[in-house]
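So the protein lines, in turn, are chains S and R.
Counted from 1, the first sequence has number 23 at position 23 by the working numbering; the numbering is strictly sequential.
Every position in the second sequence, counted from 1, becomes a number in the working numbering once 1000 is added.
It is worth saying that the hints were derived from the structure and are not from the lab.
One thing to keep in mind: the hints can contain errors.
Unchecked claim - Label-pair ranges, simulated between beta-carbon atoms: (1) R:L1121 / S:T42: 50 to 56 Å; (2) S:R84 / R:L1280: 39 to 45 Å; (3) R:L1046 / S:D166: 46 to 52 Å.
Just so you know, even glycine gets a beta-carbon here, dropped at the ideal spot from N, CA and C.
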Amino acid sequence: MSQDTTTASKPQLQKTNSISSGILENGSAKVVIEHLNAFYGTKQVLHDINMAIRDKTVTAIIGPSGCGKSTLLRTINRLHELKRNARVEGRVLLDNRDIYAPDVNPVVVRRRIGMVFQKPNPFPNMSIYDNVIAGLKLQGIRDKAILDPIVERTLKVVGLWDEVKDDLKRRGTELSGGQQQRLCIARAIAVEPEVVLMDEPTASLDPAATAIIEDLIRDLRKQYALIVVTHNMQQAARVSDHTAFLFNGKLIEYGPTRRVFEKPEQSLTEQYITGRFG
Amino acid sequence: MIEERASNGFGKDSYTSSRHWKTRLNIDRIMFFVTAACFLLVLIPLFSILFQVFYNGLRAFKFAVLLNEGGSPVSTISGIRHAITGTIYATLIGSAIGIPAGIIVGTYLAEFGNNSFADILRIIINTMVSIPTIITGVVVWAFVVTRVGHFSVLAGGIALGLIMIPLVARTTEEMIMLVSPIYIEAGYALGLTRMRNTISIVLANASKGIASGVLLAVARIMGETAPLLFTAFFSQASPSNIFDPAATLPVLIYNYAISPFEYWQGLAWIAAMVLILLNLDILFITRLMFPETHQSD
Ligand SMILES: Nc1ncnc2c1ncn2[C@@H]1O[C@H](COP(=O)(O)OP(=O)(O)O)[C@@H](O)[C@H]1O
Ligand SMILES: [Mg+2]
């Protein structure tokens, strides 16, 4: 099965490379999206998306609101299918293995791919501590000797440890918006995912909190493949290695961020990044 | 922000000219009095009921009444202890059936309810709510009492449980619907299974609302009379086990109030007082424990 997948994906990768120019030059793909179509009922919102995403890079997905950025992100951890009447065609390979293969359990996929949402959503019934380890605890790990160090380490990664170490018992929802979002990032990385998806993670935050999260994104890139949706082009330019421009459910352009912003190949991309629409 | 305020009535625009202002103030005053009058109108029957019950109940009250079992109307030392015990038995049995079944059904409908089986279940639940409770009593009589061969507090509890299921199911479903999908999605994104997510995220976040709805349902079944008439029936002694027939406060009130004996009529008033106090207690506990939850009944 997995052999089939690898061999079958070879020719596709070539094709992917043609649109993903300059992405896989030195390194292999962590996530490969192939001929992906996504639907809500009969309405198709993603059309034949092909993308290869490298490990330990930040990939930004930009595009006007409603173009399908969130949907694309949610097909990568199989969250899309939880919506009523939502459907996917095509393949998403994680380490060369199709996550939509019939024998793959979506729960396992989601443990390997963390997600951070637009609105900070720490669980309101849980303390800061419990929020960080929510994924682990709800998977059955309850030993404090294991959990305590994980809480400290992940809160340090997101720069929240010094701010909250004395009141880990407080509710996560009592923190400020920016702190809540960092708590959500801590919760996502505490389960040690390989890929982290972020859907407009700073859209509801003030500039100072946004700057902290952007620094954090650049930090996390050393360990994870990050895919960040943003409709803020400056943010894409600041944090990402590669940028994908999505328009009306189609991938218009995808390449190294500098090239996409300085020398876009498509006139639509140029029009969008120069602010002529969007 | 400042601009918004201005147009909201703090700045100088035609909206706040003094003539408009006066009319609005007058309307405001009139509405206040109308509201207050309605409020009093509602309070009058409530207080007259409470007054009647407590006036008559306290007049007949002796502490021994709470401690003594039932007896003949000529024995002036008989009490209502058997009915208090019976009500507690029946309510506990009803809750043991109604709460878990109601929560499971409500959760299923809210979280897994996108199929035709759930649609049918929803119709059943909505129908059950509107079935007169005496019919539930008759059904339990036909299915339980006639088979066991005699009345029992168990049969009474089953009838109360059946009445409770749709009440609890509905609150559970409503309260789960109030849990924001952003938390449910966060749970799935962490790799929780559907079952885990439903229990640890969905139900945990709806638990206060569900608990307060459940307490209200307990208060409701505690006061039910009709379903107990042919199930728990009546007795002059506390049930020694769940297979005994048993008196309950509402049925005792019914039997004693229509009896020709003054002493029993007094006991009926006392029983009414105790029942109201038990009910108020539950409502009070609900308010105290869950001050912030909105209550749907
Ligand atoms: N649950 C849904 N049902 C139907 N259509 C949806 C749903 N969610 C999103 N859409 C539609 O799919 C398209 C893409 O949405 P989305 O991926 O959220 O865009 P973006 O994140 O780029 O703003 C939009 O046209 C939106 O209206
Ligand atoms: Mg979006």
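Now for the hints, and whether the structure bears them out:
1. R:L1121 / S:T42: 50 to 56 Å: violated, 28 Å
2. S:R84 / R:L1280: 39 to 45 Å: Holds: the Cβ-Cβ distance is about 43 Å, inside 39 to 45 Å.
3. R:L1046 / S:D166: 46 to 52 Å: holds, 50 Å
This entry does not satisfy hint 1, going by the numbered hints stated previously; all others are met.
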